[in-house]
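**Student:** Starting from the known structure of chain A, arrange chain B on it as the hints suggest.
Residue-level listing of the chains:
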Amino acid sequence: MQWLSIVALVYMLLVAVSVIGGGFKLAAGEQARSLFEFASNPIAGLVIGTVATALIQSSSTVTSIIVGLVAGGLPVTIAIPMVMGANIGTTITNTIVSLGHLKEGEEFRRAFAAATIHDFFNVVSVLIFLPLEVAFGVLDRIGGFLANLMLGGDSMSMKGLNFVKPLVKPSVEIFEQTLGGFGSTAGGVSMIAIGIVLIFVSITVIGKLLKILMVGRAKQILHAAIGHGPVTGIGTGTAITVLVQSSSTTTSLIVPLVGTGVFSLRQIYPFTLGANIGTCITGLLAATAITGANAVLALQIALIHLLYNVIGVVVIYGTPILRELPVMAAEKLAEATIRNRLYAAAYIVSVFFLIPSVIVLGSRLFGI
Amino acid sequence: MSTLDNRKEELSNRIQELETALGGLKSQLHEIEEIEQHEAIDNLERYLDQVDHKFRNLGDLWTLLVDEMKGLFGR
Numbered sequence: 071m072q073w074l075s076i077v078a079l080v081y082m083l084l085v086a087v088s089v090i091g092g093g094f095k096l097a098a099g100e101q102a103r104s105l106f107e108f109a110s111n112p113i114a115g116l117v118i119g120t121v122a123t124a125l126i127q128s129s130s131t132v133t134s135i136i137v138g139l140v141a142g143g144l145p146v147t148i149a150i151p152m153v154m155g156a157n158i159g160t161t162i163t164n165t166i167v168s169l170g171h172l173k174e175g176e177e178f179r180r181a182f183a184a185a186t187i188h189d190f191f192n193v194v195s196v197l198i199f200l201p202l203e204v205a206f207g208v209l210d211r212i213g214g215f216l217a218n219l220m221l222g223g224d225s226m227s228m229k230g231l232n233f234v235k236p237l238v239k240p241s242v243e244i245f246e247q248t249l250g251g252f253g254s255t256a257g258g259v260s261m262i263a264i265g266i267v268l269i270f271v272s273i274t275v276i277g278k279l280l281k282i283l284m285v286g287r288a289k290q291i292l293h294a295a296i297g298h299g300p301v302t303g304i305g306t307g308t309a310i311t312v313l314v315q316s317s318s319t320t321t322s323l324i325v326p327l328v329g330t331g332v333f334s335l336r337q338i339y340p341f342t343l344g345a346n347i348g349t350c351i352t353g354l355l356a357a358t359a360i361t362g363a364n365a366v367l368a369l370q371i372a373l374i375h376l377l378y379n380v381i382g383v384v385v386i387y388g389t390p391i392l393r394e395l396p397v398m399a400a401e402k403l404a405e406a407t408i409r410n411r412l413y414a415a416a417y418i419v420s421v422f423f424l425i426p427s428v429i430v431l432g433s434r435l436f437g438i
Numbered sequence: 600m601s602t603l604d605n606r607k608e609e610l611s612n613r614i615q616e617l618e619t620a621l622g623g624l625k626s627q628l629h630e631i632e633e634i635e636q637h638e639a640i641d642n643l644e645r646y647l648d649q650v651d652h653k654f655r656n657l658g659d660l661w662t663l664l665v666d667e668m669k670g671l672f673g674r
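Read top to bottom, the protein sequences are chains A and B. For the first sequence, position 52 (counting from the first letter as 1) is numbered 122 according to my numbering, and the numbering increases by one without interruption. For the second sequence, position 72 (counting from the first letter as 1) is numbered 671 according to my numbering, and the numbering increases by one without interruption.
Just chain B, same shape as in the assembly:
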């Protein structure tokens, strides 16, 4: 077997190892993300409160817009 063939085989094996490791990491990340998603769903009541108080958000938008307009016109 030539040196080049050896090098080629070595690299292929290395890539395969890295790909397996990457797959494992992706799977771990996916699991953590899913745990976070389940935790967020457990707190669904908190988000329902936000829906109920949505009109308060329009007041916040108005305040922010007034500030941005003042900034825009330098007053």
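Isolated chain A, as found in the complex:
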């Protein structure tokens, strides 16, 4: 019964992503780019992705919405910083989980470091890859190439193998016919709003159900990974995140494990990186539901999210100096937080809300 519910919820997610795309297309028409002009500054896009994910507490929801918006005409170049920001925003969840150890001195230090190592890794990743992307558009190009290869209509295309689109189309058409009657703007906005709510509900409930259904399998995978190296750790983090469809669940699970001192910070570090890769599955799944000319672009942004996370892990974790940066930053912050708990609150408020707001206000004031 629970599996049937999951199938129904996945279907709802796929329909919702298409509904957002259709709604955005209906409301914005050819004006999609100008509608998102405020986010054409990559820093603004990054901040939108970060804050939206920190508020919704689900990067899968935000990336699925972004896939839907790209399908509706949001330019991929504007969407890229947003998915990067979603990576940062999702780390707030495990940081909040670590606060559960607040009253235990040493235990809190370990738990807080285990939570923030994910934050610092994602910040380092953005600091390296966002400027490179703005300057050279590497992810955009590779993502575009791969998406065209998969859906472009040549002999290697997987277009004919996609059975999701015909399944989703009738439900999407019902939304379009029902809400389209309210006019292009009102109908389009209603479709976007309904789509966002449906994505949020479906991903939240899927996550809750999978947590119950997959806990046994997750245990098996974790047991098998003990005593192996970092590559197994990355693979384990990826696999468990795919199973539970939530990177924040995966990264939050390891916080108490480190807090109690059973696992060390360095042991769980690769595992958190796997969570970054595993979470991309939802966006890719969402992209399979998109029909029409923008299906390639929707797949492109989903692939870019995956590429960004895989390349990030390879480059940062593969380079000894870069690999140490998140470890050092997380340990230093945790030590400071032990001296004064105010640092924990200041960190959460500033990284996820204050600094993003200042950046956006500054860029608007100075017209950057």
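The set of hints was computed from the structure by calculation and includes no laboratory data. Treat the hints loosely; a few may be bogus.
Stated by the list, open to error - Simulated crosslink set (DSS-like; lysine-lysine; CA at most 27 Å straight-line):
no.	chain 1	residue 1	chain 2	residue 2
1	A	K402	B	K669
2	A	K173	B	K669
3	A	K278	A	K289
4	A	K173	A	K402
**Tutor:** Quick look at chain B alone, frame taken from chain A:
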């Protein structure tokens, strides 16, 4: 063989013995750590509960912050 050579050989053998003993102890410690890790994984459901009740932690943080602020401003 000179006295110094004897002493040198004696020390080398001793170091080797200690290194073997240290290796054995490290391996024992590693085994115990892995047993603890397996036990912790067996209790994964308990940690899932902590994830589900995360917002309670923000309340605890708030209480603690108020206390620290009171301490800071001497009230």
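**Student:** Hinted pair, alpha-carbon criterion (27 Å max): K402(A), K669(B). Please report holds or violated.
**Tutor:** holds (26 Å)
**Student:** Just to be careful, I want the Cα atoms of K278(A) and K289(A) compared with a cutoff of 27 Å; is the pair within it?
**Tutor:** With a Cα-Cα distance of about 17 Å, the restraint between K278(A) and K289(A) holds, given a limit of 27 Å.
**Student:** So if I understand the rule, the pair passes when the alpha-carbon distance is 27 Å or less; does K173(A) with K402(A) pass?
**Tutor:** holds (19 Å)
**Student:** What's the verdict on K173(A) and K669(B), does the C-alpha distance respect the 27 Å limit or exceed it?
**Tutor:** The given pair, whose Cα atoms are some 17 Å apart, holds under the 27 Å limit.
The structure agrees with every numbered hint stated previously.
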